[in-house]
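*Asks:* Okay, here's what each chain looks like letter by letter:
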Amino acid sequence: MAKDDNGGADNTAADSSSVARVEQSTGTSVVTRSAVGNPGFPPHRSRVTDLDPKADRNAERTVYTLFYLSIAGSIFAIAAYMAFPIVPEDMGSVRLNNLFIGVGLTLALFGLGIGAVHWAKALMYAHEGIDERHPVRGTDVVRARAVEIFQQANEESGFGRRTLIRNSLFGALIAFPLPAVVLFRGLGPQDQDPVALLKTTLWEKGTRLTMDPTGVPIKASDVTLGSSFHVIPEGLIDLGHESKLAEKAKSAVLLMRLKPEDLIETAERASWSYDGIVAYSKICTHVGCPVALYEQQTHHLLCPCHQSQFDVTNQCEVIFGPAKRALPQLPIAVDAEGYLIAQSDFTEPVGPSFWERS
Amino acid sequence: MNPASKARKGRKAGRRHPLASVALIAIGLLFTGGAYAAFSTTTASAESDANSQQTIDDGEKLFAANCATCHGLSAQGSGDGPSLIGVGAASVDFQVGTGRMPLQMQGPQALKKPVQFTEEQTAALAAYVASLAPGPAIPEGEVLDGEGDAAVGAELFRINCAMCHNVAGAGGALTEGKFAPSLADVSAVHVYEAMVTGPQNMPVFNDMNISPENKRDIITYLKYIEDNPSPGGLAIGSLGPVAEGLFIWIFGLGAIVALTVWITAKSN
Amino acid sequence: MTSVSTREPTEVKKSGGFTASAANYIDERTSVSGAVKELGRKIFPDHWSFLLGEVALFSFVIILLSGSFLTFFFDASMAEVHYDGSYAPLKGIAMSAAMQSTMDISFDIRGGLLMRQVHHWAALLFVAAIGLHMLRVFFTGAFRKPREINWVIGFVLFILAMAEGFTGYSLPDDLLSGNGLRIIDGLIKGIPVIGTWFSFLLFGGEFPGTAIVGRLYSLHILLLPAIIVALIAMHLLFVVVHKHTQYPSAGHTNKNVVGYPILPVYAAKAGGFFFIVFGVVMLIASFVTINPIWNYGPYDPSPVSAGTQPDWYIGFADGAMRLVPPGWEFVWLNHTYSMNILVVLGVVGLFIVTVMIYPFIEAWITGDKREHHVLDRPRNAPTRTAIGAAGVTFYASLWAAASSDIMATHFHLTMEGVIHTLQATTILGPFLAFYITKRVCLALMKKDREIVLHGYESGRIVRLPGGEYVEVHQQVDDFERWKLVSYNDQKPLMLRPNANGKITVPEQVRAGLSRWFFEDRIAPVDQVELDQAHGAHHTEIEGSADKPAQISDK
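Chains as they are written, first to last, in our numbering: chain A, 1 to 358; chain B, 1 to 268; chain C, 1 to 554.
Derived by calculation from the structure, the hints in this document are not laboratory data. Fair warning: there could be bad hints in the mix.
[Stated by the list, open to error] Which chain C residues stay away from chain B? Per the calculated CB distances, all over 12 Å, these:
id, residue
1, ILE153
2, ALA226
3, HIS235
4, VAL280
5, ASN334
6, HIS335
7, LEU432
8, PHE434
9, LEU444
10, TYR469
[What the hints assert, rightly or not] Mimicking DSS-like on lysine-lysine, the simulated pairs with C-alpha atoms at most 25 Å apart in a straight line are:
id, chain 1, residue 1, chain 2, residue 2
11, C, LYS243, B, LYS266
12, A, LYS244, C, LYS42
13, C, LYS145, C, LYS255
14, C, LYS243, C, LYS145
15, A, LYS54, B, LYS113
Just so it is clear, the structure is predicted and the values come from calculations on it, not from any experiment. Backbone N, C-alpha and C fix where the C-beta goes; we use that ideal spot for every residue, glycine too.
Could you build the full structure based on these sequences and the hints that come with them?
*Replies:* Okay, structure coming up:
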């Protein structure tokens, strides 16, 4: 019923291969002689367009109409490009520009695509063809010749015989990429040690707590009950761009005021807060997202990335989520003018854990 | 289905509508208008002392009838509700004016509901609570006009608000079933009141933290994103990659799979 | 008459003349006629599920086209600038040049936003289409010999596609992608011994540094696409070498391939399909916003947005991180072991490596060394299908966990409840899915047997001459029956001593796995059973010889 590439002769699906095949293990497959036989192809069913010239003409008309529509779409897109310019500062014009160029292109693409597929489905010769498969492996003759070529090459080069040459070649090939490893050291600054950098921040004794992003210092009296301030160290905003972000990534702090009686503080940390005002690192001890979702009634801090939760009343210990360590606390005090200052840097590295941390 | 969630559903479907931007502007205008109307009544009533005392008395009666069960007869608070002494008129206007109070039932947090009181009644309640002790007053004037600096507002919004409310004000989850609500369609006065009073678990942003001028900027930014629908087309809830991923699987790949079926189906 | 006859040949010669001489010109310089002879009439079977790989390929082409446009405007620099473009709420804000150029593409170049949205939507579609294509290949057993290596190539493409996606997601240097990189930084730092230095070198100093966008850009537009293009070429070359698989159907055998020739039908369909896929992406890009970086603003280590998530294809890894219970970290010998990160890397790594090597595992268990070109219907390989369902459930649980906060707000649940539920489904779900899927497959196989032997219930009741009422069963025809009986049947491995008279441990493992795979096998109906069943029908109903294999009773 269908034509085969090789001879053009009709061919049923039942196996007619004359190609020699290699017997391969069937493993645990059950091969039975009494299996039901393949009935061959079902009879061909003609399409409306094969039988009815009118349907054929209709399909033809549909196809070229779609192609013309596509042309119209392309022209529409060009016209839209000109008719809907972007007016500076007018977001509505961006929206229209996006929309109408896009609609024109969509029409152009759908016209082309649907037209071509419809042509193939309704009008092109609709009989299925058959290709014969051959084993993927080369024939025995070809494989024997390939082996022979390798043997000949080995013979002519002495690759297997001259072992010293061969082994030194392998050695050279292994050694050759090694310099690249050294070269990649240059990806980071040569004169810095990341471990030391991770253990310090901009905070030091006397650094004022200032507001993010303005850098205005904060007085203790500004921090009323229930409020939370997003804090950066004094002087951060004057840094150059590169160090500004890197330092901010370590030194961002959240400042909150609770009722002093709500705070549970260990003896050594009793002096780290000021009249119920506490400052904690904003950088999650899990993988470093900013933990800034402060609930002023439950005193929970939530990280929006992986939902770790910290209890502000209990020194920011973890109460839920994948983080393990409490958020580091910044010891704070008040200076003579009433501004909040740091007593020292954080007493432990902030942010995600790392191998050399402790 | 309770009315609050119904309203939310309706809004979500509406936002996808092509005319959503027009409708949004109309709603925005309507709300701002309503808010202005609210102030003018309160300022008017504050003008006369006699009126004011009358209002406070009305408020006390309303309070005793509707609020005292939880907040105590003299607003001193009880196991079921916090003390309202010193919370100010702004707090009452926000809680009652958005329908959060009176509370329908105890839950993780008070939900926005259809408002239970008329504007006069809300004003009377606010006046009564304000008379107990000084607290934040209901804001008015140019801080609400949305004519500030949107860029400053956007930056402050990202730093102080976006972690809970999402960068586009679409809202987000908090612990134990609480959530930061969407800020779409929230009036300027309520946004301002929320910042100064810190309703439920929201922190307080006093004027030393975010100055009135900066609060005006934040309101300006929120107004900007409400007035300017996304230039890229439908915002699918401004929820970020989750919504985008669902969209491409369901509508993108879904449509394409349907088309593959058509392409490979035998023609009639 | 004469004028017509003289004009006709010249016209033919004219039109054919140019094409013929052009073809001749090219062939004499390229030998292209050989390729046309080999490939032009190559048969490609027609089934919707065979087009899923094409969706991936076409998405990739769309990504290349739109991405090339974007490179003309994008500035992969983290130098600080103050935004002065069209978008009012960012005016004067400090940001990187990368972010500013992305903003300019969006708001100051006509069609720029459209190209950005086409690029990003096509990227999401690319990975999704690869995923669906892999599921099709898995559930139909198309990875069996000789296609195991092509499965691995495809798998590597899937990984590279995710890498392309992540590097691209990070380029605009906005708040969302910056927090994504922050998470990557935290992940890397959690790796023992090398983590700290690896992060330091990757970011060119302390996080975030000023190097990462430029470095990811090199990967994103040069290295990764080059490898992807090379692997796609290999992937397709192997499709040509192996010829496409086909579903079991009457006339389809392991030694033929039935379908339409590349020229013209398949070329028209596939070519048209490219434009259709492009059209769908364009339609979505015209109407739906993706990655509104103007909302997120520039990266700054202090702010974050509620609902910070990666693009969908990284979601399963992000979700896995969310599901870790508290406390999985310890200090030992003065070093920090971040098990909350390492367990995630380990589990996710093991999962994807298992996906990669699955074809080899199954081949080892069955010991079947034959080529398989006729696909399995999923039900006819119950254990494999059940394993796939378990894997999908596992992946889906992790994936869902990445949106735990969105689920909590949108379905009024507690975030903690969602996480605990997903912890349970991640561990228990796969077992449940395995069991249910396997039972469903076996039940469907039994139903198939029933239909082959006794036909469909037609709903027509007839009264036999003896007064008995029976329902007439409609027999399936030969072609339909072939689909139901022509599957590859496997039985559990019998342990036999090897040449040295020993039973080795690997063989015992293999036998155990084989038993687990095939112990509930349901054999296909063979000719003997079929004849018996039909024989019985024929004797029971008189006169049914008029309509052979049409009507019978049970």
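*Asks:* Against each hint, give a clear statement of whether it holds in the structure.
*Replies:* Now for the hints, and whether the structure bears them out:
1. ILE153: Answer for C/ILE153: holds, closest chain B Cβ roughly 22 Å.
2. ALA226: About 26 Å separates C/ALA226 from the closest Cβ of chain B, which puts it past 12 Å; holds.
3. HIS235: Label holds. Min Cβ-Cβ 19 Å, cutoff 12 Å.
4. VAL280: 6 Å, violated
5. ASN334: 34 Å, holds
6. HIS335: About 32 Å separates C/HIS335 from the closest Cβ of chain B, which puts it past 12 Å; holds.
7. LEU432: The claim holds: C/LEU432 sits with its nearest Cβ about 23 Å from chain B, beyond 12 Å.
8. PHE434: 24 Å, holds
9. LEU444: Non-interface label stands for C/LEU444: nearest chain B Cβ at 22 Å, farther than 12 Å.
10. TYR469: 40 Å, holds
11. C/LYS243 <-> B/LYS266: 22 Å, holds
12. A/LYS244 <-> C/LYS42: 62 Å, violated
13. C/LYS145 <-> C/LYS255: 14 Å, holds
14. C/LYS243 <-> C/LYS145: It holds: about 12 Å lies between the C-alpha atoms, which stays within 25 Å.
15. A/LYS54 <-> B/LYS113: 63 Å, violated
Hints 4, 12 and 15, counting from the list given before, are not met by this structure.
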